[in-house]
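S.K.: So you can see what is in the structure, the chains are spelled out below.
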Amino acid sequence: MTLHRASRFALTLSVLGLPVAAGAQAFGLNEIGSCALSRGFAVTGAPCEDGSSIYWNPGAMPKTRGLTAMAGAAAIKIDGDFTSDTTFQKYNTDISTAIVPHLFLNYRTGGRVALGLGVYVPYGLTSQWGENFPGRFSAKKASLQTLYVQPNIAFQITDGWSIGAGPVIGHSTVELIQGADLSTLAASPAATFGQLGIAKRTEFARATLKGSAMAYGVNVGVHGRINPSWEVGARFLSTLYFKYDDADATFEQKTTGLTLAANNPLNLPAGTSIDAILAGQFSGSGALTAQKVKTRIMHPAQAQIGFGYSGFQNTTVSFDYAWVGWRSFNTLPVDFQGPAKASSRELLENYNNTSSVRLGVEHRYTGGAALRVGVAGAAAAAPDATVTPLLPEQDRGYGMLGGTYPITRTLSVDAGIAHIFTTGRRGRIDERSAKQTAEQVNSGAYTLRGNILSLSLKLSH
Amino acid sequence: MMYRMTNLVRVAAVGALVAFAACDVDKRDLFGPTTPVGGDIFRSYVAIGNSITAGFQSNGINDSTQRQSYALLLARQMGTRFAYPSLSLPGCPPPIANTQTGALVGGASAPPCALRTNASSTDILNNVAVPGARVLDPASRTTAASNPLTTFILGGKTQVEKALDAKPTFASVWIGNNDVLVAGLSGILVPTPGLGQGIISTQAQFQVSYDSLISQLTGGAPGLKGVLIGVAQVANLPSLSAGGLIAASTAIQAGLTAAAGVPVTVLPNCTGSTALINVPSLIGAIRAKTHPALVSCGLGFPGVPAPVGDIFVLDPVEQTTLSTVISGYNAYIKGKADAIGFAFYDPNVLFAAKRASGEIPPFPNLASATATFGTLISLDGVHPSGAAHILIANEIIPLINAKYGTTLRPIQ
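Line by line, the protein sequences give chains C and F.
Here the first sequence is numbered in the working numbering, starting from 1465 and rising by one per residue.
Here the second sequence is numbered in the working numbering, starting from 13 and rising by one per residue.
It cannot be assumed that every hint is accurate.
Unchecked claim - Only pairs whose alpha carbons sit at most 27 Å apart, straight line, appear in this in silico DSS-like list of lysine-lysine:
(1) C:1541 - C:1674
(2) F:346 - C:1718
(3) C:1541 - C:1554
(4) F:179 - F:366
(5) F:346 - F:301
(6) F:179 - C:1554
(7) C:1605 - C:1554
(8) C:1605 - F:179
(9) F:179 - F:301
Worth flagging that the hints you see were computed from the coordinates, not collected in a lab.
Nothing here was measured: the structure is a model prediction, and the numbers come from that model.
With the hints as constraints, model all of the structure from the sequences given.
M.R.: Structure representation (structure tokens):
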């Protein structure tokens, strides 16, 4: 038996139909700098003096005189689960702890100019589920890692006000592993395997997609001191549009263990192994041989405005509002470069712009030590119909705690921990059509929770 | 000092805010799956069986008939999910629409099988019953009884495997009818080449297969509860009519002649006979000219060679044999139900009562194209109608309630 040509297209499409990779972006955790993390990310108006403002507010860099260097990493552990309406079974995530680095250098001359360089990860996610997770046909594993490199220049306009900007060079890698569902495959021009009785979510292949891309943007900011107690700042990070034009797709056959009964509609002998029927698709000129695919993932723009109050002795209170332009992530094109080219399409995401509020408090002690706490809340970008295995996104809150421990006069270590709270959200494990509503496609409940530990070593000279 | 205290208060306030956020309340019950109204034991109900459980009626099956299955009706009363392998209209095969013309649902242009509906595609089925299945089938991927519906419904698995996919908490099992049905309808209880396959399973074979089914099912679903249903007595079917009744009624004989399209002679050996004649099959054979246009209620009538008088005839000895076999099956099923803590339902009390009352008619109404076998039996003369499925469900419900202390309500 050979698979119908149309089925080969549909098969490849189903395997590579990555709604997925793009969704990962929405999980921007903002774990950039241990100080910023422990202050609830409310650092645009009242920046941390550690160089991380190259990201958080490029215009605030002249605040720090001399050389500042900061390097560190955040360990991110995300856990979650999905409980099926159908079986009541709970499936846990299987996500390894992610280590996300950050590096910042800044130098202000004796004049009004500060020069710097930032290397940071504004968007990234690894989601991974177990072998028996029914949503593995959307995503068994999805990993998106995007590194931004930003040279920065800032200028002190007046004693209180400064501006800054820097080009952003982004490099993004994406990896997606997902199952292929035999029931959606055409067994003949007239019928899918599902119509012949093969159960939905019968995994017969596993696809791995890997690709990388570069993109460019800009990050600008302004910072000012209104009076001795109040500061204000604002920043804007532009959209970066990543085009993964040379992604690789590979396929591995998965054993279904199914055998056909006598008098089956495929007119094959009783006891015929379905796996044997499909084996030819994974070699030679089969549909499930390595091929190329293109996709596009928009990394959205960010804007943030913040205020800082330092009227209390040795204490700064800061409050920020942040906006992320997720609405730009409306569709996701999938352009096949192999035999499935005719089946290229655009997948619906329909994300919404999001807002978050952020509050942080820092109390400084003599000798350079500091204690910080923060809270933040962020609305979900994904609409109710796009809560998926790749990103079961939900409204979330953060609680943070951290501090600075001075090792020497010029060297100190910052540490911060954060816990991510969510309320849980109904979601789906299957793809949906444009006409299907969340009520029609959502088939279970997701929960998510996470912890972040961030450590940074800071050198000030 | 005052400043320090003030700062501590501020820090504490923020800390309290964090603590408030940290109230990680489990809200799963607000948005997750809910317990069925019938009780937690019905969280996942699966139905194993054959054509009756699958919803086969009038020699066909489609989404409309599948919705009338007693199993689906039970699930509704339980308030639990019940996914069945919906078969597109007009069916697979399409049911009979008119017994006089032989017209099928969907008309002459209807395909022999309209396949599964895309919308019914699911990984978890609750009704895994397959028309034609015998006692050996639920635990086997392929047997002599396998047919296209085996694949359409099970997709390469066994009924038990599909049932266990649903992680069942409650199961109904109604299997075994097909081990005796064809023998009963053909009147050939001993396998005879060219005539009939006879009774499929001996008592020992039945027990081995049934035990294997139950062992696999309960072994894969610890704590499973459920109901086992006995095999129906073939003699209660409206397809089978007493020879004496046919001989005594000129109206019936006229009906036979009209239905067969040729004059049908009722031989004298039918007078007073309690032999049961499979009227629909006999008429079909006369029309097809594979059987002479006569009714003989036994072998050996002068000038009438075998198998006339044997085929389509269930004589009193055969009735006793068949009844004994079925009773033996049912005794074992009841014992198995008792052993594993399941409820047991014997459908024969209901069917016998309806046969006695005439609601299952003693002779088909050949003048009616759409109610030939009464309101309780569909147009193939064998499978229960939607009305009968309601009666069956309403007889099973109190047994479940009595066994498990549940409060399932009867179907109104």
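S.K.: Each hint should be assessed against the structure and marked as holding or not.
M.R.: Quick rundown of the hints versus the structure:
1. The straight-line distance between the Cα atoms of residue 1541 (chain C) and residue 1674 (chain C) is roughly 23 Å, inside the 27 Å bound, and the hint therefore holds.
2. For the hint linking residue 346 (chain F) to residue 1718 (chain C), the alpha-carbon distance of about 42 Å lies beyond 27 Å, and the restraint is violated.
3. With a CA separation close to 19 Å, the supplied pair residue 1541 (chain C) and residue 1554 (chain C) stays within the 27 Å bound.
4. Between residue 179 (chain F) and residue 366 (chain F) the alpha-carbon distance is near 37 Å, which puts this suggested pair outside the 27 Å criterion.
5. Distance restraint check for residue 346 (chain F) and residue 301 (chain F): the Cα-Cα separation of roughly 44 Å exceeds the 27 Å cut-off, and the hinted pair is therefore not satisfied.
6. For the proposed pair residue 179 (chain F) and residue 1554 (chain C), the alpha carbon gap of about 12 Å is at most 27 Å, so the pair holds.
7. With a CA separation close to 18 Å, the supplied pair residue 1605 (chain C) and residue 1554 (chain C) stays within the 27 Å bound.
8. The suggested pairing of residue 1605 (chain C) with residue 179 (chain F) holds, with an alpha-carbon distance near 26 Å, which does not exceed 27 Å.
9. Distance check on the hinted pair: residue 179 (chain F) and residue 301 (chain F) sit about 52 Å apart at the alpha-carbon level, beyond 27 Å; violated.
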